[in-house]
Amino acid sequence: MSIRRAILLGGLFSHALFAQPALPQPTIAVRLFEILHPQALELKLAEPAFRNFLANGLRSNNADIAPARLHGGAGAAEPAAVSFGEALPVFVVRDAQGITRHTTKPIRVVRQGGRVQVLNDDFDPAPALADTITVATTSGQILAAVKYRNGKERFAARPYAGAFKIYVSGNELCIVNLLAEEDYLAGVLAAELRQAPFAALQAQAVAARTYLLKNWRRHHQKGYQACDLTHCQRYAGSAGVDSTIQHAIASTAGEILTYKNLPIEIFYSSTCGGRTANDLDVWSSEFDHPYLISVSDSSRRMSYCAKSPHFRWQLRMKADSLLQLWQQELGEPIVALGVSKRNSDGRVRELALMGQSLHLVSGEKFRAVVCRVLGWNSVKSTAFDLQLENNTYVFIGKGLGHGVGMCQFGAMGMARAGHSYQKILKHYFPKTMLQKYEHNLSSND
52 MSIRRAILLG GLFSHALFAQ PALPQPTIAV RLFEILHPQA LELKLAEPAF
102 RNFLANGLRS NNADIAPARL HGGAGAAEPA AVSFGEALPV FVVRDAQGIT
152 RHTTKPIRVV RQGGRVQVLN DDFDPAPALA DTITVATTSG QILAAVKYRN
202 GKERFAARPY AGAFKIYVSG NELCIVNLLA EEDYLAGVLA AELRQAPFAA
252 LQAQAVAART YLLKNWRRHH QKGYQACDLT HCQRYAGSAG VDSTIQHAIA
302 STAGEILTYK NLPIEIFYSS TCGGRTANDL DVWSSEFDHP YLISVSDSSR
352 RMSYCAKSPH FRWQLRMKAD SLLQLWQQEL GEPIVALGVS KRNSDGRVRE
402 LALMGQSLHL VSGEKFRAVV CRVLGWNSVK STAFDLQLEN NTYVFIGKGL
452 GHGVGMCQFG AMGMARAGHS YQKILKHYFP KTMLQKYEHN LSSND
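The opening position of the sequence shown corresponds to residue 52 in this note's numbering, with each subsequent residue numbered one higher.
It is worth saying that the hints were derived from the structure and are not from the lab. In this text the structure is predicted, and so the values were computed from the model without any measurement. Every residue gets a Cβ at the ideal spot worked out from N, C-alpha and C, and that includes glycine. Any given hint could be a false lead.
Claimed, not checked - Straight-line distance between alpha carbons at most 30 Å, and here's what the computed DSS-like set of lysine-lysine pairs gives:
1. K265 x K369
2. K416 x K369
3. K273 x K416
4. K156 x K369
5. K311 x K482
6. K311 x K95
7. K273 x K95
8. K156 x K311
9. K311 x K487
10. K273 x K474
11. K392 x K273
12. K358 x K156
13. K265 x K95
14. K311 x K392
15. K358 x K273
16. K156 x K95
17. K392 x K369
Stated by the list, open to error - Listed next, with one range per pair, are the computed distances between beta-carbon atoms:
18. G382 x G149: 50 to 58 Å
19. N222 x Q148: 19 to 27 Å
20. L425 x Q272: 31 to 39 Å
21. A301 x K273: 36 to 44 Å
22. I150 x L425: 47 to 55 Å
23. R351 x T443: 22 to 30 Å
24. G149 x D172: 22 to 30 Å
25. H282 x Q148: 28 to 36 Å
26. N222 x K482: 15 to 23 Å
27. F84 x V390: 29 to 37 Å
28. R363 x D339: 29 to 37 Å
29. T151 x K474: 45 to 53 Å
30. Q272 x N222: 18 to 26 Å
31. Q272 x K474: 32 to 40 Å
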């Protein structure tokens with residue numbers, strides 16, 4: 052690095068006072084639960100943009116910026132406000148009172164009682180405690196330290212588009228990602244169906260958009276429209292987003308699935324195992340929609356989802372361990388269990404557990420309880436046979452997930468077979484129509 056550039060960077064980092072950048076207006080607010088640390092959040096500028104800035108040098112209005120201008124010039128009472136345009140990625144930190152600060156250095160946000168504190172080397176003195184702060188960047192990307200559920204933590208592990216709104220909720224920080232609809236959908240596709248054939252990505256884009264619109268007010272009273280867990284739709288920031296995903300979203304812009312001119316209740320899961328499930332069988336009387344019915348996922352030769360690693364699976368568990376698990380759940384000794392009822396598609400509807408009395412447990416509850424102990428997706432679906440061999444229960448199963456609606460691996464198989472996204476959606480959601488949604492999602496508030 053040249054001495055002149057070092058001087059420029061020194062002045063930039065020392066004062067970090069800039070004219071306010073023009074930031075994109077977000078339309079979606081997504082609560083981030085996977086950024087799990089309840090007391091502190093580490094944020095960093097997206098490195099590719101910053102490296103590009105270092106390579107190109109500092110420029111304003113197509114002219115090199117002199118060190119004197121960065122410091123406000125000789126005799127200046129305050130540093131000059133300098134705008135660097137889009138070439139320079141800069142953090143923009145704004146509190147609820149509208150007070151704004153700028154920096155290029157990493158930011159640490161911590162909880163202080165019921166308020167938020169921002170720590171940064173450029174902020175001297177440190178900003179006052181705030182109820183809410185907003186953090187954005189001129190590059191449009193923030194790198195966040197993510198602490199995963201297994202306790203592992205990696206700094207700058209995940210990029211996010213848009214801005215962060217941060218406040219205290221209960222005894223922990225609440226982080227809400229504010230971003231454009233297209234950026235959110237791109238993040239959903241990257242998390243749900245990365246590296247899929249293009250028609251499958253298009254089908255997933257329509258499904259994700261339909262889900263977002265149908266459930267727009269689900270978390271409205273909490274101040275956001277969606278979360279990043281499977282409770283809503285998986286969303287892991289902009290990690291894995293590429294031009295193919297962006298094209299899939301653009302090529303289906305505004306398209307949603309409707310029934311009687313209304314957005315449908317839409318569901319999808321990883322692998323159906325050869326046949327999707329009826330919603331009425333999975334969720335009892337909570338849902339009953341004519342387009343969420345069991346359909347075959349097979350062509351004449353093979354199942355479309357046959358290439359899924361979850362197409363067929365097996366789990367072995369010692370009988371004593373499984374019975375002890377259910378003893379703890381039900382509060383009495385359990386001596387035997389078995390499948391007592393199946394749905395028309397072959398999935399387990401009910402299991403009978405024999406103790407001091409007979410207990411009937413739904414297939415989905417059985418799966419949830421066992422997975423809570425053994426690990427998520429240890430029992431991959433309720434499409435299984437259960438056998439007792441040498442004091443060991445053997446689960447021989449098909450598919451991953453609830454099986455209702457679109458089979459994602461099946462959609463990929465159909466796309467590889469040459470089917471369009473329109474045909475894929477029509478197959479998994481019969482009696483629905485593909486329509487253009489003309490209004491901005493943010494107007495639904």
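Verification of the hints:
1. K265 x K369: violated (43 Å)
2. K416 x K369: holds (20 Å)
3. K273 x K416: holds (28 Å)
4. K156 x K369: violated (54 Å)
5. K311 x K482: Since the Cα atoms of K311 and K482 sit roughly 9 Å apart, the hinted pair holds (cutoff 30 Å).
6. K311 x K95: violated (47 Å)
7. K273 x K95: holds (27 Å)
8. K156 x K311: Between K156 and K311 the Cα gap is close to 53 Å, so the pair fails against 30 Å, i.e. violated.
9. K311 x K487: It holds: about 14 Å lies between the C-alpha atoms, which stays within 30 Å.
10. K273 x K474: violated (37 Å)
11. K392 x K273: Distance of about 40 Å is beyond 30 Å: violated.
12. K358 x K156: Judged against 30 Å, a Cα distance of about 46 Å means the pair is violated.
13. K265 x K95: Given pair K265, K95 is violated - Cα atoms ~34 Å apart, limit 30 Å.
14. K311 x K392: violated (34 Å)
15. K358 x K273: With Cα atoms ~40 Å apart, K358 and K273 exceed 30 Å; violated.
16. K156 x K95: Roughly 7 Å between the alpha carbons, so the hint for K156 and K95 holds.
17. K392 x K369: Satisfied, since the Cα-Cα distance of roughly 23 Å is no more than 30 Å.
18. G382 x G149: 50 to 58 Å: holds (56 Å)
19. N222 x Q148: 19 to 27 Å: holds (24 Å)
20. L425 x Q272: 31 to 39 Å: For Q272 against L425, whose Cβ atoms are near 35 Å apart, the range 31 to 39 Å holds.
21. A301 x K273: 36 to 44 Å: violated (30 Å)
22. I150 x L425: 47 to 55 Å: holds (50 Å)
23. R351 x T443: 22 to 30 Å: violated (38 Å)
24. G149 x D172: 22 to 30 Å: holds (23 Å)
25. H282 x Q148: 28 to 36 Å: holds (33 Å)
26. N222 x K482: 15 to 23 Å: Taking Cβ atoms as reference, N222 and K482 lie about 47 Å apart, which means the hint is violated.
27. F84 x V390: 29 to 37 Å: About 34 Å separates the Cβ atoms of F84 and V390, which means 29 to 37 Å holds.
28. R363 x D339: 29 to 37 Å: holds (30 Å)
29. T151 x K474: 45 to 53 Å: Once the Cβ atoms are compared, 50 Å apart, the range 45 to 53 Å for K474 and T151 holds.
30. Q272 x N222: 18 to 26 Å: Given a distance of about 20 Å, which is inside 18 to 26 Å, the answer is holds.
31. Q272 x K474: 32 to 40 Å: Roughly 39 Å apart at Cβ, these two residues keep to the hinted range, so it holds.
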